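Given chain A, put chain B in place with the hints provided.
Here is what each chain is made of, one letter per residue.
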Amino acid sequence: DTGVSQDPRHKITKRGQNVTFRCDPISEHNRLYWYRQTLGQGPEFLTYFQNEAQLEKSRLLSDRFSAERPKGSFSTLEIQRTEQGDSAMYLCASSLTGEPGELFFGEGSRLTVL
Amino acid sequence: AQKVTQAQTEISVVEKEDVTLDCVYETRDTTYYLFWYKQPPSGELVFLIRRNSFDEQNEISGRYSWNFQKSTSSFNFTITASQVVDSAVYFCALSGSWAAGNKLTFGGGTRVLVKP
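If you read the protein sequences in the order shown, they are chains A and B.
Here the first sequence is numbered in my numbering, starting from 1316 and rising by one per residue.
Here the second sequence is numbered in my numbering, starting from 8 and rising by one per residue.
Worth flagging that the hints you see were computed from the coordinates, not collected in a lab.
From a predicted model like this one, the values you see are computed outputs, not experimental measurements.
Cβ atoms here follow ideal geometry from the backbone N, Cα and C, with glycine treated the same way.
Some hints here could point you the wrong way.
Cβ-Cβ distance ranges computed for the label pairs, FRET-style [as the list claims (entries may be wrong)]: (1) S19(B) - S1377(A): 35 to 43 Å; (2) G69(B) - Q1332(A): 27 to 35 Å; (3) S78(B) - H1325(A): 40 to 48 Å; (4) L1370(A) - N65(B): 31 to 39 Å; (5) K122(B) - S1381(A): 39 to 47 Å.
So here's chain A without its partners, still in its complex pose (with noise of 0.2 Å):
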């Protein structure tokens, strides 16, 4: 398979601790996005990197944050002292330049922090 992979698939953790995605993009593809989406909403955006450049972040990507994209394959988003709140699928998405739009999505990272 080829696609956008996403590891965990799920992780439950207990409020306060830290926890880690990983995301490995279609392998050509030299821009990664992080997306959350809580039940019954639309993806937020949350950042992105072009190559292992992090051009943006939302304001939803508090201190408690940070996504990395070393030598621009994999990418990883950790989240420090987990919140209730956290709570919510995490979403990866790849695309090629010149494409405009056009994310190839994994099938995400379900959080729960209890």
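Chain B alone, transformed into the frame defined by chain A:
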């Protein structure tokens, strides 16, 4: 700021009925792109169509058709002769130019339930 509104939260139809999903958008960009994505129960968002702000030609692709009207800032989507497999959440989305990052602003989604 960009905004996408999908006023219908859920639509339930019987198989073979037509379904039209409404989408209204707001943007100050002169160049922008509109999209429809489908999210089946598995959760993975699937791209259906893209339209740029200069292309108001409506399109039919199989059982899907789209109606883009810039004058009313609407980009509606119709499924003709619906099938059970069409059951999913459908999202309308908007983005600016590639140079602006192409990040998508999604509407709240419309859940379509097609009953046999």
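Right, here's what the structure says about each hint:
{"no.": "1", "hint": "S19(B) - S1377(A): 35 to 43 Å", "verdict": "holds, 38 Å"}
{"no.": "2", "hint": "G69(B) - Q1332(A): 27 to 35 Å", "verdict": "violated, 47 Å"}
{"no.": "3", "hint": "S78(B) - H1325(A): 40 to 48 Å", "verdict": "holds, 45 Å"}
{"no.": "4", "hint": "L1370(A) - N65(B): 31 to 39 Å", "verdict": "holds, 34 Å"}
{"no.": "5", "hint": "K122(B) - S1381(A): 39 to 47 Å", "verdict": "holds, 45 Å"}
Of the numbered hints listed earlier, the single one contradicted by the structure is hint 2.
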